[in-house]
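J.: Sequence:
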Amino acid sequence: MNADIASQVTVIIPSKTYCPLTRRAVGGIRAQYPEVRVLLLLDSIDPVDDDDPRTVQLAAPSPILGAKRNYGVAQSETPYLAFIDSDALPDERWLDHALAQLGADSDIGIVGGPNILYPGSTRQEYLSWLACQSYLVAGGNVHEKVRCSTRWVSSLPSCNMIVSKALYDAVGGFSTDVITGEDIEFCIKVLGSGKKILFSEDVVVFHKTRSFKGYCLQRYVWGKSTFDVLKLTYPHYLTSVLPFLFVAGLLSLAALGAFWPLAWQLLAAVLAVYLGAVVWESLRVGKGFGEKLALFRYVLAGNFVPGIGAVVAFLVGDSIRSYTYYRNDD
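The opening position of the sequence shown corresponds to residue 813 in the working numbering, with each subsequent residue numbered one higher.
No wet-lab data here; the hints were simulated from the structure.
Misleading hints may appear alongside valid ones.
Straight-line Cα separation of at most 27 Å, DSSO-like style, residue types lysine-lysine; simulated pairs [as the list claims (entries may be wrong)]:
1. K1099 - K1043
2. K977 - K1043
3. K977 - K1008
4. K1043 - K1007
5. K1008 - K1025
Work the whole structure out from these sequences, hints included.
T.: Right under this line is the structure:
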C-alpha cells in the first residue's frame, strides 16, 4: 500500500444505517487501508462498540443519495474522494490503482472500473448480476459488470468512482433533485468541464446484486427517476426513455384494441418480436440450459420493469417515497 494514501483520499459511503453489509464494506476497506478516513452518511447514527477513530458516522441532512455524498464531501479535506456503495467491497489495491491513474494524466477527471459479482452471492443474486451482461438490460454499459480492458467512457456508477475534490467542487457535486441517477448527471458535468472519464480494469469493486424481488424493485425505482434525470441531463440520456416508450406503446395498443381490432394483432406481433429478443439474450448470456432458462425472467424484468416505473412516474410523478424501495439487503 502507498503510505501516502491516507493523506490523499477520503472514502465516502452513503447508507440507511450502519447495517451488517455496511460494516463488511468498511472492513474490506480497513483490511487494505487501515489509516484511510471513511465517512458513513446515514439516515440516523447507530450507537456501536467501535474504537476505530478513522470511521466516522454522520447523520445526513437528507436521505437522498446525492445530498448524502455532498454532505460527506463537505466534511472532507483530502485532495481526492473515493465513492463506494455500502454493499460493495474493494478489490486489492483499489485506491492505489485509481490514484496512480489520476496522477499520471491531468486530463482524467474520474477513475472507476468494474463492479463485479459479490463474494458469497446467492443463485438469485448471481442471475441478477448475469442479466446485467445483456444489452437489453444494461445497454452499452455491459462492460461495467465484468473484468474487461481499460477504456474511455461517458459515465461511471457512483458505487466505484474516484475523483479530485477540486473537480467535484468545480462542477457542483451531485444533484440533490433525483432519487437515483445522480451519477449520470455528475459524469455529464465532468465531461462538460473538459475532463475525461477512465474505466480502468484495475480499479475493481465487488458489488452486491439483489434477489429477484429486490432486482425488480431497483429497476422500478430507476424507471421512476427517468424523467427527473432527463430534465437535468437533456439532450443527453435520451435513450433512457426507450423502456417508457415501449411500455406506453404496448398499453396504447391494448387500449386501441377495444375500438380497432388490428391493434391486437400489432400488439401480438410486437410482443412476439420482443420476447424473441429476450430469449436470444438469455441464450447468449447464460452458460447452460438451466441457467439460460432461469435467466429469461431476469432479462425480461430488467428491461420491462423500468418502463413500468417510467409510465407510473409520467402519470403520477416521482417522490422521495421511492427511496423506501431501496434496500441493499434484499
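J.: Now, for every hint given, state plainly whether the structure supports it.
T.: Each hint, compared with the structure:
1. K1099 - K1043: violated (39 Å)
2. K977 - K1043: Since the Cα atoms of K977 and K1043 sit roughly 26 Å apart, the hinted pair holds (cutoff 27 Å).
3. K977 - K1008: holds (15 Å)
4. K1043 - K1007: holds (23 Å)
5. K1008 - K1025: This hinted pair is violated, its Cα atoms lying about 36 Å apart.
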